[in-house]
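Novice: Position chain B relative to chain A; hints supplied.
Chains as they are written, first to last, in our numbering: chain A, 1 to 114; chain B, 115 to 228.
Hint data in this document are derived by calculation from the structure and do not stem from the laboratory. Note that CB positions come from ideal geometry on N, CA and C, so glycine has one too. Incorrect hints may appear among the rest.
[Said to hold, decoys possible] Examples of chain B residues lying across from chain A (beta carbon under 8 Å, computed):
| no. | residue |
| --- | --- |
| 1 | 157 |
| 2 | 216 |
| 3 | 220 |
[Unchecked claim] Derived, one-sided and incomplete: chain A residues facing chain B with beta-carbon distance under 7 Å:
| no. | residue |
| --- | --- |
| 4 | 43 |
| 5 | 44 |
| 6 | 46 |
| 7 | 49 |
| 8 | 101 |
| 9 | 104 |
| 10 | 106 |
[Unchecked claim] Pair ranges (Cβ atoms, derived):
| no. | chain 1 | residue 1 | chain 2 | residue 2 | range |
| --- | --- | --- | --- | --- | --- |
| 11 | A | 109 | B | 175 | 21 to 31 Å |
| 12 | B | 226 | A | 106 | 14 to 24 Å |
| 13 | A | 62 | B | 156 | 19 to 29 Å |
| 14 | A | 113 | B | 144 | 40 to 50 Å |
| 15 | A | 111 | B | 144 | 34 to 44 Å |
| 16 | B | 224 | A | 62 | 23 to 33 Å |
| 17 | B | 211 | A | 12 | 34 to 44 Å |
| 18 | A | 71 | B | 134 | 39 to 49 Å |
In case you want the letters, here they are:
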Amino acid sequence: AQSVTQPDIHITVSEGASLELRCNYSYGATPYLFWYVQSPGQGLQLLLKYFSGDTLVQGIKGFEAEFKRSQSSFNLRKPSVHWSDAAEYFCAVGASYSNYQLIWGAGTKLIIKP
Amino acid sequence: DAGVIQSPRHEVTEMGQEVTLRCKPISGHNSLFWYRQTMMRGLELLIYFNNNVPIDDSGMPEDRFSAKMPNASFSTLKIQPSEPRDSAVYFCASRSGQGGNEQFFGPGTRLTVL
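If we strip away everything but chain A, and leave its shape as in the complex, we get (with noise of 0.2 Å):
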């Protein structure tokens, strides 16, 4: 069955550092893969996706994901962190034969220490 582990419940990380959320997969196929980011109190938002192509996917707020399909994961990177990222991150699969339903993970909660 496919799954979407995310290991971290909670990261913490001082403004300015770098930040790496991870997020392991387990599907059959090519996955579209999704980051999502929700801020306290408000729905989800997407922040990049990956479909095929280039496995380095740009999105928004400066956030980056690289798909790497040996390892089955597409983590969330962040050269440089900002108070205001401060948030809970979701990653989720869609599978073709599903019509595409996400599979979500359990999210990791960033902190952002002054």
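Specialist: For chain B alone, coordinates are given in the frame of chain A:
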């Protein structure tokens, strides 16, 4: 574009009462998703509509939950009777076309059942 609109934003009700949550998807989107988010269970897909037709309702917890989409611009999620364990944030999301396009989320309805 106004985005996905949900109402009410907050709902407090007593156990046993009927609750109706409303969603207006983005104009032109033909897929609609209802999700529930709790601390314990994370983000769960309840039901998915395509062209106003329910495609997958396997996530609906029990018969107390029902969802309708009478037209392309409106959907409801009803809980009758409500129970305290239904307390959660309920999100509606919409998507255009087929395939792996992104889902756009509404701001959510925070439901508290006393």
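Novice: None of the hints should be skipped; say for each whether it holds.
Specialist: Okay, the hints, checked on the actual structure:
{"no.": "1", "hint": "157", "verdict": "holds, 5 Å"}
{"no.": "2", "hint": "216", "verdict": "holds, 5 Å"}
{"no.": "3", "hint": "220", "verdict": "holds, 5 Å"}
{"no.": "4", "hint": "43", "verdict": "holds, 4 Å"}
{"no.": "5", "hint": "44", "verdict": "holds, 4 Å"}
{"no.": "6", "hint": "46", "verdict": "holds, 5 Å"}
{"no.": "7", "hint": "49", "verdict": "holds, 6 Å"}
{"no.": "8", "hint": "101", "verdict": "holds, 6 Å"}
{"no.": "9", "hint": "104", "verdict": "holds, 5 Å"}
{"no.": "10", "hint": "106", "verdict": "holds, 5 Å"}
{"no.": "11", "hint": "A:109 with B:175: 21 to 31 Å", "verdict": "holds, 25 Å"}
{"no.": "12", "hint": "B:226 with A:106: 14 to 24 Å", "verdict": "holds, 23 Å"}
{"no.": "13", "hint": "A:62 with B:156: 19 to 29 Å", "verdict": "holds, 26 Å"}
{"no.": "14", "hint": "A:113 with B:144: 40 to 50 Å", "verdict": "holds, 44 Å"}
{"no.": "15", "hint": "A:111 with B:144: 34 to 44 Å", "verdict": "holds, 38 Å"}
{"no.": "16", "hint": "B:224 with A:62: 23 to 33 Å", "verdict": "holds, 30 Å"}
{"no.": "17", "hint": "B:211 with A:12: 34 to 44 Å", "verdict": "holds, 39 Å"}
{"no.": "18", "hint": "A:71 with B:134: 39 to 49 Å", "verdict": "holds, 45 Å"}
Every hint from the earlier list agrees with this structure, and none is contradicted.
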